[in-house]
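Below are the chains, spelled out letter by letter.
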Amino acid sequence: MRLGFVLSEMFTGLRRNLSMTVSVVLVTMVSLFFFGAGLLVQQQVSILKGDWYDRVQVSVFLCGSESTAENCPGGAVTGAQRDAIRQQLTDSPLVDQVFYESQAEAFANFLDTYDPSFTANVTQDQLPESFRVRLTDPERYEEIRDQVVGVPGVEDVPDDRKILGPLFSALDAATVVALGLAALMLVCTVLLVSTTIRLTAFSRRRETSIMRLVGASRLLIQLPFVLEGVVATLLGAALASGALWSLVEYGLGRLADRPGFTTKLVGTPEVLTQAMPLMFGVGFLLAVFASLVSLRRWLRI
Amino acid sequence: MITFEHVSKAYGEGHRPALAEVTLQIDKGEFVFLVGPSGSGKSTFLRLVLKEERSTGGTVQVAGRDVGRLRSWKVPALRRQIGVVFQDFRLLHDKTVYENVAFALQVLGKPRHVVAQTVPEVLGLVGLEGKEKRRPHELSGGEQQRVAIARAFVNRPALLLADEPTGNLDPTTSVGIMKLLDRINRTGTTIVMATHDDDMVDQMRKRVVELRDGRVVRDEDRGVYGSNR
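Sequences listed follow chains A and B, in order. Per this note's numbering, the very first residue in the first sequence carries number 1; after that it's consecutive. Per this note's numbering, the very first residue in the second sequence carries number 1; after that it's consecutive.
Bound-form chain A, shown alone:
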């Protein structure tokens, strides 16, 4: 009976301030959406970094017969040069393992990886032989690169970080922007929830004064107001989760399904396990915090 009473009071409040309730729901939705998006971008960065560090292999490409690089004046790498390079790599404390990939193996891999239409005109001679080096510590990528660049017979040691570095900083910037917007919107949410509660408390001051007079407990008087805020923000959190999920599932998902797209992207599991619990948690805490603050000011017993 009492629970029924609290719930009916709550729904009365939500209905009476319908426009305020809707604005609380929408503002919460937008703020939690940015918050969740920020979390996911951060998650994507750590996936990419982990992925990249797992795969980190310094590729030391050796000079081929058709090499035009400055470091390959004598054409293809000689056997002695190859052995010297292998020795230098094996001796380095930074190196975990060294694999050799001949031109024949490189060609076979190339045929496996790419579409026949693209590989038709490529011959084995055009692909360089290489050493693939696995590092003991992927972070020290730069050091090993510095050691081998310029050694006779080495054509090039491409720096993957040149490609990934700007990507990482762009994603970091996106995180900052998303979380900054989220913080701003969350402040709006708090203010809006407390304003709504203040208005509700004012429009229901007759009821609450009568409730106080007949001796209703503080909990019974205040609970409908707190629940109103909580219900509205949780509704916002649900909408934000839905929006974020559809963006990830149908936006990123379609991108990830494209042929040749090998980068692992955040997907539904990350939305469910990483973003949503925090979005709901933050929404709930915000509502409780905002209502307690405003109740202390506007609904003294």
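Keep in mind that the hints were calculated from the coordinates and are not lab data. Where hints are given, some of them may not hold.
Within a straight-line C-alpha distance of at most 20 Å, the following computed SDA-like cross-link-like pairs (lysine to any residue) qualify [said to hold, decoys possible]: (1) B:95 - A:202; (2) B:95 - A:8; (3) B:179 - B:110; (4) A:264 - A:188; (5) B:74 - B:86; (6) B:95 - A:210; (7) B:74 - A:7; (8) B:110 - A:223; (9) B:110 - A:8; (10) B:110 - A:217; (11) B:110 - A:3; (12) B:74 - A:99; (13) B:110 - A:296; (14) B:133 - B:121; (15) B:95 - A:16; (16) B:74 - A:202; (17) B:110 - A:6; (18) B:74 - A:16; (19) B:95 - A:4; (20) B:74 - A:223; (21) B:95 - A:7; (22) B:95 - A:15; (23) B:110 - A:218; (24) B:110 - A:15; (25) B:110 - A:165; (26) B:74 - A:296; (27) B:95 - A:6; (28) B:95 - A:209; (29) B:95 - A:203; (30) B:74 - A:15; (31) B:95 - A:10; (32) B:95 - A:206; (33) B:95 - A:205.
Knowing the structure of chain A, use the given hints to seat chain B on it.
For chain B alone, coordinates are given in the frame of chain A:
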């Protein structure tokens, strides 16, 4: 039922106190008129009994509780023993007569069958049978005040406070309300009524406590409103 010992109440520094050193005892079952000009401290007295305000000095005891030391979470329990009626009725306009009275029981978590049994009884007592489904704006002032009294009394409080309950009513209607309060008093409920209604006080011949500038200037059994009005 109510004991005030040297009770003072000042609203802020430098203001004249609303109540000054008031000592007063009201026993169980009494009917007391609280009279005096506006601003003499009648409403403050009632608010202190309800713990809507804290006294700035002295002790207030209501139904055996030291109200000044009462923890805030125990205040609702105190108020359940007190019914209150106001000059402006304070009814809920979107609820019917029945719902207005039932509201007081519902917020206390009374089971449905208790509500269904008690509300018609009380509405009968105050003379509103047959008007359960009316809304406050469809009733006369006297009838609205009866609804308010029914709501204050439905929980059978030991004490009923009335703050100028006849202030908005014509003399004939006021007599009806007074008779009703008298009848409630005879059931054993203590009644404290703040009023300006001199005819009523003179007719009823009950105990009269007169306040002036926050002090008790007169306390008479079977008194009248006052000679120096």
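Comparing the hints with the structure gives:
1. Of the supplied pair hints, the one linking residue 95 of chain B and residue 202 of chain A holds, its CA atoms being roughly 18 Å apart against a limit of 20 Å.
2. Distance check on the hinted pair: residue 95 of chain B and residue 8 of chain A sit about 14 Å apart at the alpha-carbon level, within 20 Å; holds.
3. A hinted pair counts as satisfied when its Cα atoms are at most 20 Å apart, and residue 179 of chain B with residue 110 of chain B does not qualify at roughly 29 Å.
4. For a cut-off of 20 Å, the pair hint linking residue 264 of chain A to residue 188 of chain A is broken: about 35 Å separates their Cα positions.
5. For the hint linking residue 74 of chain B to residue 86 of chain B, the alpha-carbon distance of about 23 Å lies beyond 20 Å, and the restraint is violated.
6. Distance restraint check for residue 95 of chain B and residue 210 of chain A: the Cα-Cα separation of roughly 13 Å lies within the 20 Å cut-off, and the hinted pair is therefore satisfied.
7. In summary, the hint linking residue 74 of chain B to residue 7 of chain A is not supported, as the alpha carbons are separated by about 24 Å, beyond the 20 Å threshold.
8. Of the supplied pair hints, the one linking residue 110 of chain B and residue 223 of chain A holds, its CA atoms being roughly 18 Å apart against a limit of 20 Å.
9. Between residue 110 of chain B and residue 8 of chain A the CA atoms are separated by roughly 16 Å; this keeps the pair inside 20 Å, and the hint holds.
10. Our distance criterion of 20 Å between C-alpha atoms is met by residue 110 of chain B and residue 217 of chain A, whose separation comes to about 13 Å.
11. Taking the CA atoms of residue 110 of chain B and residue 3 of chain A, the gap is near 12 Å; set against the 20 Å cutoff, the hint holds.
12. The straight-line distance between the Cα atoms of residue 74 of chain B and residue 99 of chain A is roughly 79 Å, outside the 20 Å bound, and the hint therefore fails.
13. Proposed proximity of residue 110 of chain B and residue 296 of chain A is contradicted: the alpha carbons are some 28 Å apart, above 20 Å.
14. Pair hint residue 133 of chain B plus residue 121 of chain B holds up; C-alpha atoms about 15 Å apart against a cutoff of 20 Å.
15. Straight-line distance between C-alpha atoms of residue 95 of chain B and residue 16 of chain A comes to about 15 Å, which keeps the hinted pair within the 20 Å bound.
16. Under the criterion of a C-alpha separation no larger than 20 Å, the hint pairing residue 74 of chain B with residue 202 of chain A is inconsistent with the structure, at around 25 Å.
17. Using a Cα cut-off of 20 Å, the hinted pair residue 110 of chain B and residue 6 of chain A holds, with the two alpha carbons roughly 14 Å apart.
18. At roughly 31 Å between alpha-carbon atoms, residue 74 of chain B and residue 16 of chain A are farther apart than 20 Å, so this suggested pair is violated.
19. Among the hinted pairs, residue 95 of chain B with residue 4 of chain A is consistent with the structure: their alpha-carbon atoms are about 17 Å apart, no more than 20 Å.
20. Annotation: proposed proximity of residue 74 of chain B to residue 223 of chain A holds, straight-line Cα distance about 18 Å (limit 20 Å).
21. The hinted pair formed by residue 95 of chain B and residue 7 of chain A meets the criterion: a straight-line CA distance of about 17 Å does not exceed 20 Å.
22. Between residue 95 of chain B and residue 15 of chain A the CA atoms are separated by roughly 16 Å; this keeps the pair inside 20 Å, and the hint holds.
23. Restraint check: the Cα-Cα separation between residue 110 of chain B and residue 218 of chain A comes to about 17 Å, which is no more than 20 Å; the hinted pair holds.
24. At most 20 Å may separate the alpha-carbon atoms for a hinted pair to count; residue 110 of chain B and residue 15 of chain A exceed this at roughly 26 Å.
25. This hinted pair does not check out: residue 110 of chain B and residue 165 of chain A have alpha carbons roughly 68 Å apart, beyond 20 Å.
26. Among the hinted pairs, residue 74 of chain B with residue 296 of chain A is consistent with the structure: their alpha-carbon atoms are about 18 Å apart, no more than 20 Å.
27. As the CA atoms of residue 95 of chain B and residue 6 of chain A are separated by approximately 17 Å, the hinted pair is consistent with the 20 Å bound.
28. Under the criterion of a C-alpha separation no larger than 20 Å, the hint pairing residue 95 of chain B with residue 209 of chain A is consistent with the structure, at around 15 Å.
29. Restraint check for residue 95 of chain B and residue 203 of chain A: the C-alpha separation of about 15 Å stays at or below 20 Å, so the hint holds.
30. A distance of roughly 32 Å separates the Cα atoms of residue 74 of chain B and residue 15 of chain A; the hinted pair therefore is violated under the 20 Å criterion.
31. Distance hint between residue 95 of chain B and residue 10 of chain A is fulfilled; the C-alpha atoms sit about 16 Å from each other, no more than 20 Å.
32. Straight-line distance between C-alpha atoms of residue 95 of chain B and residue 206 of chain A comes to about 12 Å, which keeps the hinted pair within the 20 Å bound.
33. For the given pair, residue 95 of chain B sits about 15 Å from residue 205 of chain A by alpha-carbon distance, which is consistent with the 20 Å threshold.
Checked against the numbered hints given earlier, this structure breaks hints 3, 4, 5, 7, 12, 13, 16, 18, 24, 25, 30; the rest are met.
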